[in-house]
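Protein chains in written order, with this note's numbering: chain A, 877 to 1194; chain B, 877 to 1194.
Some hints could be false.
No copy labels: a pair is met if it fits in one copy or bridges any two.
With a straight-line cut-off of 30 Å between C-alpha atoms, the simulated DSS-like cross-links for lysine-lysine are [said to hold, decoys possible]:
(1) K930 <-> K1157
(2) K900 <-> K880
(3) K1157 <-> K900
(4) K1060 <-> K880
(5) K1189 <-> K1129
(6) K1189 <-> K902
Just so you know, these hints were derived from the structure itself, not from any lab.
The chain contents come next:
Number of protein chains: 2
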Amino acid sequence: MKVKVSVFGFGTVGRALAEIIAEKRKVFGVELNVVSITDRSGTIWGDFDLLEAKEVKESTGKLSNIGEYEVYDFSPQELIEEVKPDILVDVSSWDDAHEMYSYALAEGISVVTSNKPPIANHYDELITLARENGVGIFFESTVMAGTPIIGLLRENLLGEEIVKMEAIVNASTTFILTRMENGKTFEEAMEEARTLGILEEDPSKDIDGIDAYYKAKILHWVSYGEQPEEEEREGIRNVKDARNVRLVAEISKGRISVAPRKLPDNSPLLVSEVENAALIKTENLTLTLKGPGGGGKVTASGVFTDIIKAALKFPSPR
Amino acid sequence: MKVKVSVFGFGTVGRALAEIIAEKRKVFGVELNVVSITDRSGTIWGDFDLLEAKEVKESTGKLSNIGEYEVYDFSPQELIEEVKPDILVDVSSWDDAHEMYSYALAEGISVVTSNKPPIANHYDELITLARENGVGIFFESTVMAGTPIIGLLRENLLGEEIVKMEAIVNASTTFILTRMENGKTFEEAMEEARTLGILEEDPSKDIDGIDAYYKAKILHWVSYGEQPEEEEREGIRNVKDARNVRLVAEISKGRISVAPRKLPDNSPLLVSEVENAALIKTENLTLTLKGPGGGGKVTASGVFTDIIKAALKFPSPR
Chain A
877 MKVKVSVFGF
887 GTVGRALAEI
897 IAEKRKVFGV
907 ELNVVSITDR
917 SGTIWGDFDL
927 LEAKEVKEST
937 GKLSNIGEYE
947 VYDFSPQELI
957 EEVKPDILVD
967 VSSWDDAHEM
977 YSYALAEGIS
987 VVTSNKPPIA
997 NHYDELITLA
1007 RENGVGIFFE
1017 STVMAGTPII
1027 GLLRENLLGE
1037 EIVKMEAIVN
1047 ASTTFILTRM
1057 ENGKTFEEAM
1067 EEARTLGILE
1077 EDPSKDIDGI
1087 DAYYKAKILH
1097 WVSYGEQPEE
1107 EEREGIRNVK
1117 DARNVRLVAE
1127 ISKGRISVAP
1137 RKLPDNSPLL
1147 VSEVENAALI
1157 KTENLTLTLK
1167 GPGGGGKVTA
1177 SGVFTDIIKA
1187 ALKFPSPR
Chain B
877 MKVKVSVFGF
887 GTVGRALAEI
897 IAEKRKVFGV
907 ELNVVSITDR
917 SGTIWGDFDL
927 LEAKEVKEST
937 GKLSNIGEYE
947 VYDFSPQELI
957 EEVKPDILVD
967 VSSWDDAHEM
977 YSYALAEGIS
987 VVTSNKPPIA
997 NHYDELITLA
1007 RENGVGIFFE
1017 STVMAGTPII
1027 GLLRENLLGE
1037 EIVKMEAIVN
1047 ASTTFILTRM
1057 ENGKTFEEAM
1067 EEARTLGILE
1077 EDPSKDIDGI
1087 DAYYKAKILH
1097 WVSYGEQPEE
1107 EEREGIRNVK
1117 DARNVRLVAE
1127 ISKGRISVAP
1137 RKLPDNSPLL
1147 VSEVENAALI
1157 KTENLTLTLK
1167 GPGGGGKVTA
1177 SGVFTDIIKA
1187 ALKFPSPR
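Could you put together the complete structure from these sequences and hints?
Below is the structure:
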């Protein structure tokens, strides 16, 4: 089965994805063709070489410097109208991408995304639109990157109610807190994280728990199919004694909370480095899933799985 | 969507499944109708009450004691021909059930099973037959019961090669080894396990690693789509110093091994009680999945998910 893919956004994740697709173009009976890539400089469309596009972007910073091909200045809507892919892949960080998704879904195009705010804020409209149009919307890498927490919740445990989830879903705060455990001040740890490029452009997204909040909200949507009624969000700025403290997202029916919590010594949530963890309690099971929560290749890996799921028309019970 | 389900086997798992289905008959757009149940005493077929069947089996030991309904003496092949379900669910412990599965798949009936030997020994024929006939074969609960290791491997990580897996998949040996860690002899621990009903009827299946071997083989099939070339199996009879020792299944391309191994103090595989654990290394990720590996309700929960997957026609990339 041949599948046309449009890639929107060509940062670290987009380029890691290009590498994976170049290597695994034909798997599980699916033949992937990336027919367009869009970055801030424009859209290339047609018969280009994926690895050459990656190379040009990495060496010059702009996709539009790819010499031989025409570069289009499409709006997101024009992109969909003109290119007409089978799958739209959003690996950008455009907060308002949900309108583009709606447009694509209404046109019968499946959407795959690693971009959190559009799913956190518009899950219900998007999933309804996807179902009405017989297509899918997949977002594995929005939470815990390629560690398949979303696949686990959406497609498994189908006889179980999720009673409670506790999760570490933001590695930057783990980095800062573990540095503080080793004696640094909050400011010193922040500085080190900034130097290493670990923080988001706007450090508040990590430090104030906004990134973790989006992820908690997405976990609530897939667990309960509805919006949380109660929300709590507290970042790590006021943590004084960081020993065994992590920024914990808690999700239960109707409620999400993101806050720093002191964990027992043997807690599975006491992760370090880039590791994320989720503790899931259902009626009959208590599960732990751990894995890397970030990194270009790891995030792209989750996006790749989603592309195959979209191509194979995976149902999404949740 | 109405779906007709035949349940083959009515032991602990079958009865726990009856309970879950009675409670969740309509979920995710699927309406489940159990049209037949088979135990060693015969098959009931038609418009019976699920919970009444469970009650009769539990109080009298025989499904055939259910008064008002006719009881049929079908062969497995007759069962499929006469009842013609949409999904055949095998929760028996019949080692040679693969012939029944083949017959069902060829008739366009999806198969869901918690029964290990048929999948471990005949995965390739069965998956081929399922694909040829446009139906599915699902076996979540054959490994780690309802803890979704099979769903994780078959339907996720689709851009990743599995480099290596290490797993604790047999809780009976964990029980005996942890009792030995607490000072009991192998014989005393065996005796305690037998008294508590933790061991399989034939204790050799647990103690000599046969159960873990079947599970390792199934994990190899779903990871690589082929049979292992090298196999190693050693049970726990010769363990003298049990400290930090668990029966570990190791799976890598072409090779499976089941043997007692001494683990480092901080190993995620150092589980206790009924917990199972898998450590999965792929090209880009290292994942840990932990959860209960047995129990009627937990096993039935995985079977229930599989029934929904079969009803919704989930693709099985792996």
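Each hint tested on the structure:
no., hint, verdict
1, K930 <-> K1157, "between (42 Å within a copy, 27 Å between copies)"
2, K900 <-> K880, "within (15 Å within a copy, 39 Å between copies)"
3, K1157 <-> K900, "between (36 Å within a copy, 19 Å between copies)"
4, K1060 <-> K880, "neither (50 Å within a copy, 62 Å between copies)"
5, K1189 <-> K1129, "both (29 Å within a copy, 29 Å between copies)"
6, K1189 <-> K902, "both (16 Å within a copy, 22 Å between copies)"
In the structure shown, a violation is registered for the earlier hint numbered 4 alone.
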